[in-house]
Structures are given as structure tokens and as C-alpha cells.
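A.B. asks: From just these sequences and the hints, can you work out the full model?
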Amino acid sequence: MTKSIITSLFILSATFSFGEGRNVNKDISTAVIYLSGHGADDAVEWDFRCSGGMNSGRWQKIDVPSCWEQQGFGEYTYGRYYKKPGGRASDENGLYRRTFRVPSAWNGRKVEIVFEGVMTDAAVTVNGISAGDVHQGGFTAFSYDISGLLRYGKTNTLEVMVEKQSKDKSVNSAERRADWWLFGGIYRPVYLRALPAVHIAHAAVDARADGTLNVKVGTEGVTAGYTLQMSVDGMAPQSAQLSSISNRSGESSVTTSSVTSRWPGISLWDPEHPNMHTLILRLVAPDGTVAHETTQRVGFRTVEFRRRDGFYLNGRKLTIKGVNRHCFYPETGRTTSRRLDVGDVKLVKAMNANAIRSHYPPDAHLLDICDSLGVLYLNELPGWQNHYSTAVGSRIVREMVMHDANHPCIFAWANGNEGGFNTALDTLFACYDPQRRHVIHPWALFDGVDAHHYPAYQTGVGRLANGNEVFMPTEFLHSQYDKGAGTSLDDYWANWSRNPLFAGGFIWALIDEGVARTDRGGSIDTDGTNAPDGIVGPHREREASWYTVRDVWSPIQIAPVAVTSSFDGTFRVSNNYLFSRLGECRMKYELLSVTSPLAGAGRDDDNVAARTIASGSISLPDVVPGETGTARMTLPDNFAAGDLLRLTAFTASGDTVNTWSYPIRHSDEYWAKERLAIPDDAGLGISTVSCSHGAPVVLESAGVRAEFNRESGMLVNVSMDGRTIPFGGGPLPVGMKMRLLDIKSRQDGRDALLVMTYSGAVDSIVWRMTAEGLLGMDAVLLNSRDGKRFGGQFFDTDVRNFGFSFTYPETLCTGMQWFGRGPYRVWRNRQRGQTIGLWQKEYNNTVTGQSDGCLVYPEFKGYHANLYWARMLSATAPFTVYSETDGLYFRVFTPEEPTDSEGKKVHTMQPFPEGDLSFLFEISGMRSYKPIEQLGPQAQPSHIRINKGDEGLRIKLWFDFR
28 MTKSIITSLF ILSATFSFGE GRNVNKDIST AVIYLSGHGA DDAVEWDFRC
78 SGGMNSGRWQ KIDVPSCWEQ QGFGEYTYGR YYKKPGGRAS DENGLYRRTF
128 RVPSAWNGRK VEIVFEGVMT DAAVTVNGIS AGDVHQGGFT AFSYDISGLL
178 RYGKTNTLEV MVEKQSKDKS VNSAERRADW WLFGGIYRPV YLRALPAVHI
228 AHAAVDARAD GTLNVKVGTE GVTAGYTLQM SVDGMAPQSA QLSSISNRSG
278 ESSVTTSSVT SRWPGISLWD PEHPNMHTLI LRLVAPDGTV AHETTQRVGF
328 RTVEFRRRDG FYLNGRKLTI KGVNRHCFYP ETGRTTSRRL DVGDVKLVKA
378 MNANAIRSHY PPDAHLLDIC DSLGVLYLNE LPGWQNHYST AVGSRIVREM
428 VMHDANHPCI FAWANGNEGG FNTALDTLFA CYDPQRRHVI HPWALFDGVD
478 AHHYPAYQTG VGRLANGNEV FMPTEFLHSQ YDKGAGTSLD DYWANWSRNP
528 LFAGGFIWAL IDEGVARTDR GGSIDTDGTN APDGIVGPHR EREASWYTVR
578 DVWSPIQIAP VAVTSSFDGT FRVSNNYLFS RLGECRMKYE LLSVTSPLAG
628 AGRDDDNVAA RTIASGSISL PDVVPGETGT ARMTLPDNFA AGDLLRLTAF
678 TASGDTVNTW SYPIRHSDEY WAKERLAIPD DAGLGISTVS CSHGAPVVLE
728 SAGVRAEFNR ESGMLVNVSM DGRTIPFGGG PLPVGMKMRL LDIKSRQDGR
778 DALLVMTYSG AVDSIVWRMT AEGLLGMDAV LLNSRDGKRF GGQFFDTDVR
828 NFGFSFTYPE TLCTGMQWFG RGPYRVWRNR QRGQTIGLWQ KEYNNTVTGQ
878 SDGCLVYPEF KGYHANLYWA RMLSATAPFT VYSETDGLYF RVFTPEEPTD
928 SEGKKVHTMQ PFPEGDLSFL FEISGMRSYK PIEQLGPQAQ PSHIRINKGD
978 EGLRIKLWFD FR
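Read in order, the letters of the sequence shown correspond to residues 28 to 989 in my numbering.
Please note: incorrect hints may appear among the correct ones.
[What the hints assert, rightly or not] What follows is a set of in silico ranges between Cβ atoms, one per label pair, in the way DEER data are often shown:
| no. | residue 1 | residue 2 | range |
| --- | --- | --- | --- |
| 1 | ASN526 | LYS196 | 39 to 47 Å |
| 2 | THR903 | ARG812 | 24 to 32 Å |
| 3 | ARG525 | THR903 | 53 to 61 Å |
| 4 | GLN937 | TYR108 | 40 to 48 Å |
| 5 | ALA377 | LEU122 | 29 to 37 Å |
| 6 | LEU122 | SER399 | 34 to 42 Å |
| 7 | ARG124 | THR841 | 53 to 61 Å |
| 8 | PRO587 | SER399 | 33 to 41 Å |
| 9 | GLN485 | LYS615 | 36 to 44 Å |
| 10 | LEU662 | PRO964 | 42 to 50 Å |
| 11 | ARG463 | PRO964 | 37 to 45 Å |
| 12 | MET81 | THR417 | 34 to 42 Å |
[As the list claims (entries may be wrong)] Once the Cα atoms are required to be at most 20 Å apart in a straight line, the calculated DMTMM-like pairs of lysine to aspartate or glutamate come out as:
| no. | residue 1 | residue 2 |
| --- | --- | --- |
| 13 | LYS88 | ASP69 |
| 14 | LYS376 | ASP682 |
| 15 | LYS764 | ASP813 |
| 16 | LYS764 | ASP977 |
| 17 | LYS815 | ASP805 |
| 18 | LYS110 | GLU445 |
| 19 | LYS88 | ASP260 |
| 20 | LYS983 | GLU696 |
| 21 | LYS196 | ASP148 |
| 22 | LYS373 | GLU299 |
| 23 | LYS376 | ASP395 |
| 24 | LYS88 | GLU102 |
| 25 | LYS931 | ASP879 |
| 26 | LYS957 | ASP595 |
| 27 | LYS137 | ASP206 |
| 28 | LYS983 | ASP695 |
| 29 | LYS815 | GLU738 |
| 30 | LYS88 | ASP74 |
| 31 | LYS111 | ASP206 |
| 32 | LYS957 | GLU358 |
| 33 | LYS764 | ASP805 |
| 34 | LYS983 | GLU960 |
| 35 | LYS615 | ASP595 |
| 36 | LYS957 | ASP395 |
| 37 | LYS196 | GLU299 |
| 38 | LYS344 | GLU299 |
Worth flagging that the hints you see were computed from the coordinates, not collected in a lab. Backbone N, C-alpha and C define an ideal beta-carbon position, used for all residues, glycine too.
C.D. replies: Encoded structure:
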């Protein structure tokens, strides 16, 4: 018979002595021999034969653990195959063979073979004899007692027949009709475990915040008079007589007892202080000898669900900042390693998330990592929209809960997903979990928790705003392509957090699950639109949303502040931690001076830099969670010389919490400062204007020539020393209409001016050519209610984009350097997380979430916020543009839309303006699974209202083509 296990209970170290003179049996520990590697990083070769697909029909070598498709065997299938005409699930099988030796000293012990995970049905034989029933189900560990099948001190042969598709229809329904890749194989570790004849079979712990330790211990071979000794971190042991209670282990030979001890003053576990302790259990015989000793790591904490209130940990109400994450890596599929998973958990924590959910139980080492690093876990019974039969599901629940229950990171259980609920299984979780953690049904309103999936900003009728149950969406803000996670998170989180019933939620999802296909030379496949759902790419390439999530979920929040001449170095900070005082963190500042290309006449890269001219520490108020206080920095003497103030907060361990930046100068003030840096001899000469009849209107100086169409007022040609700079085709109105009325020219000192007047949304545009060869554009907009009798509406009712566009060939552009918000593009409803600074990126045509190989981020094309200046890099046609208008968006070309598996365009973005480069007051929002109308206020279009006497808006730009 197969049986469930708790692997973590049997990670044994050296023998511990609880007292002097104790008679200790030297064979008291559990011995472990791995037949496979521990994970993807140290896999071991076995013999293997696949029945169909790639490299089938002959014996070859395969790494164990692994998914056989990633080893070049079998056939790939994505779990939504049934949505495609003629789609089918691949159903090959694989036969594994491995020889091994066991020590002669193991004879007389109980020897088990443990499989941490096999997809999907596993028939195991040892030396040609069946080890027990076929195990069905790919996400839970199982074991066999093979003591009677082994040749001790000799060579043994292990064979495992693995069926990719289960013979049980409910297993296939729950696990293999799902929104993920369907792999096959022994994809998690395999090892032998040798226990003393009298031993601890399993132990389920409930280590509580008051220091109480309840242990339900299952033993084999125990007779009257045995006791259990317990010690935590080497403290004096406590003993308890074993007394039999009801056996719910599912193993007929196991006797279960319940013992209690108390450990006052023990340090507690929480996600911000993940204190773990070593629990040593010793099974002591009546004569005082130790029969068996186990060690495991435990965390003392109390988790509760309080109805119509929320989830509590150690008496503190939890706000779950969670993300959905599957066990996945492109080259290894469902097979991971401790190294890879440490990276993932650190990635999650670095964006200030505190919880993970997956659609199935993860690798044992992942839960160990969450325990150690401090991440909460919602552990879910597999069942993606379909559920197991009661017979199969009852066994899977037992295997999952007994394997994972001792991890303090687990705060709740989930029974299936999106309708994949077998309600007959709900009560079984508590049978194996002495902590009796709450069971939820993800996407359903069930048993006090509304886990609604993909709620709108307003959540819906009877939910949260006007509901009565705890609201914790287990999936929200779908991150497909560039549509999710960060988009509207700021609005969602602020709105939902106003309600005390909000318990947090889980963004879908962390990773783009693109597999590196061995049948396609390792190219990445996301099965079209099905798998590019991540905040990060398949190789963990960070998308812009990662930084937005980090900013919005930062446990340190800074109140809005403007760094003006009135700034005295103080600002308000809120402590959004759950358990930590703000004094546990630290913050530093950097004062930066940012120079532009202007002093080098647009050509000298050495003049462009962001230099730190002062730095220091900031005093944070030591406020408790939920409180706000005042932070203080001593302004350096040269503060007025800076252009940018950057703040960075750190945890007690030195990890970055978040970074914020604040401009010290307005755009026009920065421009004025930079103009002073122009060398004295740069202004020699005088600019000219020519308006010959029938010819373009021309402004010219210092080798720069700008030609304008006299009928439309459009800039049609620019050249520098006779070399064409293909910038022009504008200003094209965006989100508005304008009609040229008149063009006049005049001299203003050494500058030449073209004054163009319009009707409609634009009052006037003044083009100025300076003696140095700088071309200025000063546009006045929206200062006339009737648009100078334009005749009809002259701006969009719903303003999604508003400003001006120009043309510039994308093919000539090699990159961009800019001073503004970056380094990623923004959307109207996803701007947080990008900081003002000096940035540079090479040209790329990245489609977010879609690539045959590694994704190149940040994406080059799109909207960029808070433009001070931008230098378009090109081998033949470089130029720099400066803004004197605060808060201007710089649109750089038009991003390509992704394509589905059939090559059809997927429409993710709202239309971009005409032209190639745009200077905009307003940009469009990005939808996130829900349509724009159902997202928050920041996603919605703007509106225009012109009042009598309004001075209007100004877009003031300078172009340097030198």
C-alpha cells in the first residue's frame, strides 16, 4: 500500500543527548539515501524508455528528477488542448530503471522508498516485485515499504512505469485539463528512508504563540511504557507518556498519540520575523534507551480565521499581499531546485509581497524556504475547474496535509480552484491538521471568505463595499502581457483597503510560463495567449509591473511631498508593516546633479551624468504598524545645487524596501540652469527667417535649417550642415483639432521667430530659432471656450491622449538617453514604481511577455513620464528635445501587439496617436483582464473644461539638432 509522508520530519542530523547517563542506541536516526538528485541542479541519470513522441522506443539515459519533455522525450501538450479543434492530450508512458545498493546494516529496519512527485500514475517494482498499488496523482508525495523486497548489501533493481495520463478520469479532470503545461515523469526527488524497527512514523505539530506545543505523533512498534521526549533549540527536554488516540493517519500499523509541552518566552514566527526553532523528538523505551530520534524545524505562531473580520496571526490582523506562482522554469519545466526557488521567494519578497498561492502543493523545499525567509502560503488541493472523485481526493488530501501541515508559512488551505471543489473533502483537512486552518474555495463565496476572482474596482453587488464577509480575491489583476499586476493596482488597493473586511489578495501571476521546447531548439513557447501571465518573464526578467507592485505594496509609504524652496527636510511616513516597528528599518538620501547634452552642443557624451553631490541618513520615526510619523533629514549646504532627491529605504537585513525620487527644479528652472552652461562663444551669429512666396518658411542659424509648410504650419524638413534630420510631420494635434489662421515672422534680438495663430484647441505656436541653432516651440492651448469660433467640437469628449505628435523613422533609432521617469514605460494607470532619474536604453522591439528567447526589458517603445529631456540616439540622425513644461509625457513610437498561437494580433492596448514621437498632457490607460470601464479612476479618460479667463496650457519644447 502507498502511504502519505511528512518529509521534513525525517531530516536528521547528529545524535543529541538530553541528559547525562542516558542509554542511547546508536541506530536511532533515520538514514536517507537519494536515488535521484535533490532537484534540477544535481539530477542523476537513470535508464529510460519512452513509448511515444520524441526519442521513443529505445532505452536511453534521462535525468532524475526531470520532466521528460525537457529531456527530449515524448510530446508537448498545454492543458487547454480541449479548447482547440482536434486538440488532444499526449498520453505516452515512460519506463524508468535504476540499480542501487542498500547497506547490510539496514536489514531489520523499516526501509521505504519515497517519491516526492511523479506525473501522473506510477507503478513501482523492486527486484521485479510490485511495491504496492499504482499511485495516481502528480502533485503529492507517496512512499512504499520495501523492506521485504530488498537484497541487503547487494544490487537491487528499481523500475517505475509512469503514465502521463492517469487511468483515473477524475485525476485527469483535476490535474490535466488545466491552464498549465502537462508534463510527464519523475519530476521531484526519489530517496530511500531507513527507520528503526520501533520508530516515529509521523508527527503533526501545532506550535502556538503562547509557547504551547501540541504534537500528534504516529508510532510503529511501540508497546506500553514508551515516552516521547521533546526539546526545542537544545533546551531542557520535556517528556510525555504516549497514549493512543483515534488513528487518522490512514496507516493501519500506526498508533497515534497526542502530547503537549510548553516553551515560555519562545521567539515567534511571522513573515517579518521568521524565527524558526529546532524541535527534537525522541521515542524512549521503558528501559530508557532511545528507539528513534527525529529533528525538524518549527515556527511558533497562532493562525486564526475570525468570521466577518479576517485572518489573524499571533493576534495581528493580516493583509495578504500575495502572488500566484507555479513551480516552473523554462529549461526544466515543473522540476525546480532549492537554488531556483530561493531566487523566486527573494523575488517575491523584494516586490514587497508577503504571500504565495499555487494551484497545487509545491516542492517541499519551497515551503522550507518560505518558512525561513518569511512568506505566507495558501496551500491548495489540485483541481483546476474540475475535482477529484471522493475516493481519490480523500487520499490526495491526506497526502498533501500530512506532508505540509507543519510549515508555519501555511496560513490556510484551499480545496480546488474555480469550481474544482469536491465539498465532501472539506472536513478532511482538519483530520490531519491539528491547527485546523481555514479551508477556502478560490473564486467562490464560501464559509466566510469571498475569494472572488478578477473583481472590478467596485467589486460587485454584495461584495466588500456592501457585503458582510471577509474579502480575499485569490486571483486579481491578470498579468497577461503588459495588461496586469501594476495596472490600476494603486486604485484597487487604496479603494479596497478602506474596508475592514478586506484581507488582501493574490495577483495572477508571478511568472510567464514559457517553456524552452526541446523539439524547437530551445525556443520559448507560451502556447499563444495562455501562459504569458507573469509579472516577470520565464527567466524572471522583471516587467514594469514588478516595480509598481513594489511601490504600492511598500510597507513604508511616504505622504505626497514637493521638494520646493519651502522644503525643510521633514516628511510624513506611514508604517504599513504588519509586525515591525519602523525603527527596525533605515533610510538614506542622495542629492544628485543631472547635466544634459546641452553644454556639449548635443554631441559630448562626457558632459551627461547624474552625479551624487551629497548623501546621508534619514531619521525614521519608530512608529508601530498602522501609525504615521515624521521623518527628518538634515539638508546639506549644497542642497540648492541639486536637481534630484533620491530616497531609499532598507530592511534590518539590508534588503531594499523601495526607492523614491523627487525633482528639486521645475522643468523650466532646469532648462534655464542648463542654458547657462552653454559656452560663451556658442551664441555668435544671428538666426534668420525667410518667407519667399511659394516656398517653405525657413528658420536658420548655426547650420541648423528648419522648413515649415506655409499652408499647414507643419515642420516638414530639418537639416544640420546640409545633412537631413528626418524629424517633422508635426505638430500633429492629438485628441484635439486646430486650424491655421496666420503665420507671421519677426526678429527678437539674435533670435528669429515664426508666430502661428490657430482656431480650435490651439491658440498659437511660436517657433524660435536661437543664434546657437536651438529650435524652440511654444504652444498655447485651451484658452478659448469657442476656439476662436472654430465651428464645432475641437477636442475629444473622452480624452485618452492629448498633445502633439511628430514623425521620426524608427529604423534610424538605436537608443534613447533621457532625464525623466523611468526606466520603463508607463500607462495612465501604471506610473508608480518608475523613478525620475537619468536613464538610457538601447532600441528593442520587445513585446511584453512574448519572445522566442530571453526577453529584453525595459521595453523601448511606449509612453515615458515626466520628461525633462530626451536624446534620440542614431548613427545618422540624432537629436535632443528639452521640455519646459512640467509633467509632460514623451511617447516613443508604437509598441507592437502580441500574437496568439495562430499568429493573429491580440489587442491589448488602446490606440496610440498618429506619428512616431509625441509630447502629451494625457495618455491612455491599460486594461487588466477587465475592460477599462471597470478599473479604477486612474484608468479612465480625462475631460476638458475651458472657463472664461483661463490662461490655457502651454507645451514648450526645445529641439537641438546640432
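A.B. asks: For each hint, tell me whether it holds in the structure or not.
C.D. replies: Outcome of the hint check:
1. ASN526 x LYS196: 39 to 47 Å: The hint (39 to 47 Å, Cβ to Cβ) holds, given that ASN526 and LYS196 are roughly 42 Å apart.
2. THR903 x ARG812: 24 to 32 Å: The hinted range 24 to 32 Å is violated for THR903 and ARG812, with Cβ atoms some 46 Å apart.
3. ARG525 x THR903: 53 to 61 Å: holds, 55 Å
4. GLN937 x TYR108: 40 to 48 Å: violated, 32 Å
5. ALA377 x LEU122: 29 to 37 Å: violated, 43 Å
6. LEU122 x SER399: 34 to 42 Å: holds, 38 Å
7. ARG124 x THR841: 53 to 61 Å: Because 55 Å falls inside the window, the suggested range holds.
8. PRO587 x SER399: 33 to 41 Å: holds, 37 Å
9. GLN485 x LYS615: 36 to 44 Å: holds, 40 Å
10. LEU662 x PRO964: 42 to 50 Å: Between LEU662 and PRO964, where Cβ atoms are some 35 Å apart, the hint is violated.
11. ARG463 x PRO964: 37 to 45 Å: Holds, since ARG463 and PRO964 (Cβ atoms, about 41 Å apart) stay within the stated range.
12. MET81 x THR417: 34 to 42 Å: holds, 37 Å
13. LYS88 x ASP69: The hint holds at about 15 Å.
14. LYS376 x ASP682: Distance of about 9 Å is within 20 Å: holds.
15. LYS764 x ASP813: holds, 12 Å
16. LYS764 x ASP977: Given that 20 Å is the threshold and the Cα spacing comes to 19 Å, the pair holds.
17. LYS815 x ASP805: holds, 19 Å
18. LYS110 x GLU445: Given pair LYS110, GLU445 holds - Cα atoms ~17 Å apart, limit 20 Å.
19. LYS88 x ASP260: violated, 44 Å
20. LYS983 x GLU696: holds, 13 Å
21. LYS196 x ASP148: Holds. LYS196 to ASP148 sits at ~12 Å (cutoff 20 Å).
22. LYS373 x GLU299: holds, 13 Å
23. LYS376 x ASP395: holds, 15 Å
24. LYS88 x GLU102: Roughly 17 Å separates the two Cα atoms, so the pair holds.
25. LYS931 x ASP879: holds, 16 Å
26. LYS957 x ASP595: Distance of about 43 Å is beyond 20 Å: violated.
27. LYS137 x ASP206: Violated - the C-alpha atoms of ASP206 and LYS137 are around 40 Å apart, more than 20 Å.
28. LYS983 x ASP695: holds, 9 Å
29. LYS815 x GLU738: With Cα atoms ~19 Å apart, LYS815 and GLU738 stay inside 20 Å; holds.
30. LYS88 x ASP74: holds, 5 Å
31. LYS111 x ASP206: holds, 13 Å
32. LYS957 x GLU358: violated, 32 Å
33. LYS764 x ASP805: holds, 17 Å
34. LYS983 x GLU960: violated, 33 Å
35. LYS615 x ASP595: holds, 16 Å
36. LYS957 x ASP395: At roughly 36 Å apart (the allowed maximum being 20 Å), ASP395 and LYS957 break the hint.
37. LYS196 x GLU299: Roughly 43 Å separates the two Cα atoms, so the pair is violated.
38. LYS344 x GLU299: Measuring from Cα to Cα gives roughly 14 Å; hence the hint holds.
Going down the numbered hints, you'll see the structure goes against 2, 4, 5, 10, 19, 26, 27, 32, 34, 36, 37, while the others check out.
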